Amino acid sequence: MPNDSVDVLIVGAGVSASIFAATLAKAGLKTLLLECGRDRTAADLISSQVFARRNHWSGSAVIELGKHPINFPMNAGEGTGGAGMHQDACWPRFHPEDFTMAHDHGVGLDWPLQYDDLRIYYDRVQREVGMSGDAAAEVWRPPGEPYPMPPVPEFAQGRLLRKGFEKLGMRVAPTPVAINTRPYNGRPACLYDGWCEAGCPIGALANPLTTYLNSAAKAGATIRHESTVVRVLTDNKGTRATGVMYIDGQGVEHKQLANLTILAAFGVQNARLLLVSATDVHRNGLSNRSGLVGQYVMTHLAAPVQSLFNEPTESHLGITAGQLICQDSYRKDKGGAVFGSYQWLIANSTKPNDIIGLANAKPELFGEPLHRFMRDAAKHYAGIVAVVEDLPVQSNQIRLSGTKDHFGVPLAEVMHTVDERSVALKDYAVQEGQRVLHAAGARNVWAGGFGTMHFLGGTIMGRSVADSVVNSYGQSHEIANLFVAGAGVFPTSAGVNPTFTISALSSRAADYIVSHWSSII
Amino acid sequence: MSLATFGFLIGCERKQMTPGEAHVQGAKYEVFGVAEAQVFETLADRLLPGARQAGVAHFVDHQLAAADADVLLMIRYFSVPKPFSGFYRGGLTALESASRRIHGKGFIQLQPLQQADLIHDMSRDRIVGWQGPPQSFFYLIVRNDAIDVVYGTVDGFKLLGIPYMPHISPPAFN
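In order, the protein sequence lines correspond to chains V and Z. Once you know that position 152 of the first sequence is 151 in numbering that gives the first Met the number 0, the rest is easy, because the numbers rise by one and skip nothing. Once you know that position 51 of the second sequence is 50 in numbering that gives the first Met the number 0, the rest is easy, because the numbers rise by one and skip nothing.
Since the hints were made in silico from the structure, they are not lab data. Only a predicted model underlies this, so the values are computations on that prediction, with no experimental measurement involved. Beta carbons are placed, not taken as given, at the ideal position from N, Cα and C, and that holds for glycine. Please note: incorrect hints may appear among the correct ones.
Computed list of lysine-lysine pairs in DSS-like fashion (alpha-carbon distance at most 27 Å, straight line) [what the hints assert, rightly or not]:
#1 Lys378/V to Lys81/Z
#2 Lys378/V to Lys29/V
#3 Lys403/V to Lys81/Z
#4 Lys166/V to Lys378/V
#5 Lys378/V to Lys254/V
#6 Lys66/V to Lys403/V
#7 Lys157/Z to Lys361/V
#8 Lys361/V to Lys333/V
#9 Lys157/Z to Lys66/V
#10 Lys361/V to Lys66/V
Okay, the calculated bits of chain V under chain Z, using three or more residues with CB under 8 Å as the criterion [to be verified]:
#11 44-52
#12 343-356
#13 364-372
#14 379-386
Okay, the calculated beta carbon distance ranges per label pair [unchecked claim]:
#15 Ala188/V to Asp69/Z: 31 to 41 Å
#16 Asp116/Z to Asn283/V: 47 to 57 Å
#17 Ile107/Z to Ser394/V: 42 to 52 Å
#18 Arg158/V to Thr92/Z: 43 to 53 Å
#19 Val33/Z to Ala277/V: 45 to 55 Å
#20 Lys14/Z to Ser394/V: 46 to 56 Å
#21 Pro48/Z to Gly168/V: 17 to 27 Å
#22 Asp69/Z to Pro149/V: 35 to 45 Å
#23 Arg374/V to Asp116/Z: 49 to 59 Å
#24 Gln113/Z to Asn283/V: 35 to 45 Å
#25 Pro149/V to Val33/Z: 39 to 49 Å
#26 Lys14/Z to Gln249/V: 25 to 35 Å
Isolated chain Z (complex conformation) (with noise of 0.2 Å):
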């Protein structure tokens, strides 16, 4: 069972899905690009296999189109300027310059092993010329965004072999 349910767009039509069913279904991203939304998705499920699944790009894209008060995502924790599609396209291009930089292509056609390496030096602040947020801080939010639709859901404490216990349920498990 995914993180929960919310409105995405189906055509012209808003229909409440999960972001793994919005993912399945190609629900229409309202802030990312569709190539930004390939190299974000890509990232995400390099850090955490099944991200990609559980919709995640759909999931954050959603959150981006919220308001302010209603994002869900880890990065309102943190005093990041308005609005945080900024940050996140900031970050993403700056991947994106840096994987053609390196290795002469972009992020999503690099070798897996390639991209390990290329998201091993970002979590260290260690891809020289990067232009963008802090590569850390990019490297922590979008693997707790990664983190969040699969492992913050009834199904993943299933996987981990823990009961999720809720007073009340998220959305999708009414």
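Pulled out of the complex, with its shape left as it was, chain V reads as follows (with noise of 0.2 Å):
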């Protein structure tokens, strides 16, 4: 027996589906979270770094092949707040050009949309999350009103690294922040102790548990937990999404009806959810005809460059995010084989332990060696990291594999090899990060390794069914009742953190389903 129908089903319970939860519940739709994770509250947000990994996924395997693997479990989440639960609230705005790139320079994909399309919705997120930073000092920041709240506060690292940007005659400015700075909309402000990734138990910073989850909970939405979704249902015509299979947390499978379907889940996820509900309509997977559903996904190149001074550092106090950011050399083109953006996060608060944690920042090192390291770095260390651009490329994909999941599910594979012109531009941002620590006065300075970082694409936005999989609300191009969100949308990753652009176009999308609502289903 199908469940009671609902009005919205959303796959997912992180940043873009509260979003969706929250703005079409208050509408007065009847709308319901399908989320595969656990239930969890404020209080299982533990400060240690060994149980935040709670935080991150842990369910069906990706396969991950190519040179440059996603990292799959640590970018995404599981469980209430998905993986809006482990990230920093580092939200600077996308820059107009990020939208234009095939446009300006022939090179990459464009937006169906502008920045100036998303321009209120950015305002309005940050106005309902609450955020803080400095306007004016980012002197690079798009059209945008203020921040409602005043920056992070600077500690030694920040200062000392501050100079050392300032020197190269470099502008650098406190990094715009989802976490609050004094009390806004009940939530309190940041202790800067560190522990963004934990999850913020106190709701300083904006996770999906204390802001949008919160008010959709309260307009009336529900969240099913350990309701893993592995079908989504069409009707005969192959025109209509008529609601989802899903598989209880006790093995029994379910059917739920709905009027329309958001698929929200982390963007591989949401990918291989099309790719499986294959009917004899839609032979190559739902919102298919393009063949591009599981193309063009891309990451993050993480670089980080690493320090140590003399001085204190406190590298322990502040945000996970950073103190600050420079975005002096986002411009895509600098000539020769380097293309594309990337902004620097300076002064990241950081913990001994973890992925990012002190003792990672020499890998090389084991034995006494390590020990020594740790007490010197525990006082002096100081880092950078350049967040930057990983150009689309067709080829990075997600496939479905021939082995399934224990649900009978076919698993992902995801393909990810970086364009050299993205590698060149890490290399290019690494040589001026150097350059930066030494004139910041640091006793040693060396690059890190690069990393991968977020995930965007693989069911790319665009203006026709031929180029792309949803139009500009991530509505599909062929069943006008399923939506697809969060940044799997994204044709290009731009060289910010995604967060913040995930939000203002979750945002945008579902203002359009309220008022087009009866049009729509």
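Could you use the hints to bring the two separately framed chains together as a complex?
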């Protein structure tokens, strides 16, 4: 027997899902979220880099191929709040040139909307969530409302590193973050203890648990946890989504009918669901007439440059996102083989352990030399990280594997090899970063290896069914009541963190659904 | 103060204790064999002295028996086939084989400098004939397990002279 039908069914309970749920439930629509992970409350957010790993994915495997694996389990999340529970809340806006790269340079893809289309939604989300920063100091920032809260304070690490940038004539600004620097909307101010990735239980950091999921619940939306969606259902003509099949925590399969379905799981899983939901009408998967479902997957290249100072750096203080940013090198065309945008995140709060902890700043050390380094680094470490654009490459893609998970659903295979121009851009950034840290007076400077961070693309937006999977609202070109949300719809990655843009796009799409409800369903 | 308390098996009874206490009391391993655990804690302690006393083998063993969503090990960040015990077992077997092939004896019987040389080569994927998970990746994972139990704790922060400042303390601190 199918469950009672709902107006809106949302797959996932992360950043984008929570915005849709809050907006649509407030509009009076019966809204249900199906989340594969467990229920989570603020009390579960233990201050420990070890316990924080429970915020990351542990579900069905993703088979990673190519030279630069996407590190899916690290970047994805599960449970209430999804990957939003381990975000650093570093929320810069995309730049206007991020939306027109193909038009301007003949490289990559264009978005079907411009910065100006998104501007009011950046402003709205920033007001609703609460952000801190200094808009005037961000000389590169596109037009928009100033931040409602003053910036995070600078600690010793930030003050030291600022000097390096300024000596080279570069500009820095306080990092724009979705973190309270004073009480805002009933949530307290940050204590600058650096437990951001453990999920901020006091709610100073705007994770979905304390922002939009809270609003959604108050408006009547419900979440069913441990509910894994295994297929999207469509009608016989293939023109309308009718709901989903999902499997609950006891292994029982359910049919959930809905007037409108939104895939707001992590990007790989959204593409996987479209592909596994193939029918006689949609033989290559839903919304896949273009053949582009799964293609153009991207990450960011996270390239750290690290150092030791003689002075105390207080690197345990502050926020994980960093105290300052620099976007002086954001222009796309840098000449030669170097192309794309990047920004510097400066003076990130750093714990002793975990993947970006002090110990992994020198991964080659072990034994007593590692202890000596740890004692030194705890007092004198300072670092910067380049967030480097990963150019969209069609052959970087998600495919279905011949292997199935324990629900009988084919696993996703993800191929990802970074374009040589993006590798060149990363090298360009790292050289600049080393100059900066030397200029700042560090006694020892080194470049760490780069890793992949965030996940974007795979269900890209565009202007037509021929060139994309969804339109600028995330709406399928082929099935009007089926939407895809999150960074999977991004046609390019830009050179900044994606969560603010995910939020703005979701806010815009949710508005569109409310205002076009009768015609969409 | 250790990482946290977990339920370890003393005889047939499960008792809440820290991994370090489980080490001292000789708690029963649930996944590792005793010989595997000895090789593992020797490797981890060579990677970061103090890891053995902090109970690294009992901590990792306990986590290998946990439900997927509860696993606290860094390995869950990576797309390694489950169960993760296969990864650890494969790495330990490869290390032990390499040690016997190169030095004619097991890893725990090697002199400290021989152990360090083998680890150095492992960290750079230079052990010829290694048959197991990628050497440098195995090094990375076990090294981080050791770091977690030594420095990912209140006592570890104290050793480094930095405040822990928890909002919500791990279970052992309550």
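Need the status of pair lysine 378/V, lysine 254/V: alpha-carbon distance at most 27 Å?
violated (56 Å)
Range agreement (Cβ of glutamine 249/V with Cβ of lysine 14/Z, hint 25 to 35 Å):
holds (31 Å)
Within 8 Å of chain Z (C-beta), three or more residues of the region 343-356 of chain V
holds (count 6)
Hey, lysine 361/V versus lysine 333/V, does the alpha-carbon distance stay inside 27 Å?
Cα-Cα ~31 Å, so violated.
Going straight from one Cα to the other, do lysine 166/V and lysine 378/V come out at no more than 27 Å?
holds (24 Å)
Outcome for the supplied range 43 to 53 Å, where the beta carbon pair is arginine 158/V and threonine 92/Z
holds (50 Å)
When you check the alpha-carbon spacing of lysine 66/V and lysine 403/V, does it fall within 27 Å?
Roughly 24 Å between the alpha carbons, so the hint for lysine 66/V and lysine 403/V holds.
Would you say the C-beta atoms of valine 33/Z and alanine 277/V sit inside 45 to 55 Å of each other?
For alanine 277/V against valine 33/Z, whose Cβ atoms are near 50 Å apart, the range 45 to 55 Å holds.
Mind checking the alpha carbons of lysine 157/Z and lysine 361/V for me, to see if they're no more than 27 Å apart?
Holds - the C-alpha atoms of lysine 361/V and lysine 157/Z are around 21 Å apart, at most 27 Å.
Counting residues of the region 379-386 of chain V that have a beta-carbon nearer than 8 Å to any beta-carbon of chain Z, does the count reach 3?
violated (count 0)
Consistency of beta-carbon spacing, serine 394/V to isoleucine 107/Z, with hint 42 to 52 Å:
holds (47 Å)
Do alanine 188/V and aspartate 69/Z keep their Cβ atoms within the hinted range of 31 to 41 Å?
holds (32 Å)
In the structure shown, a violation is registered for the earlier hints numbered 1, 2, 5, 8, 9, 14, 21, 23, 24, 25, in ascending order.
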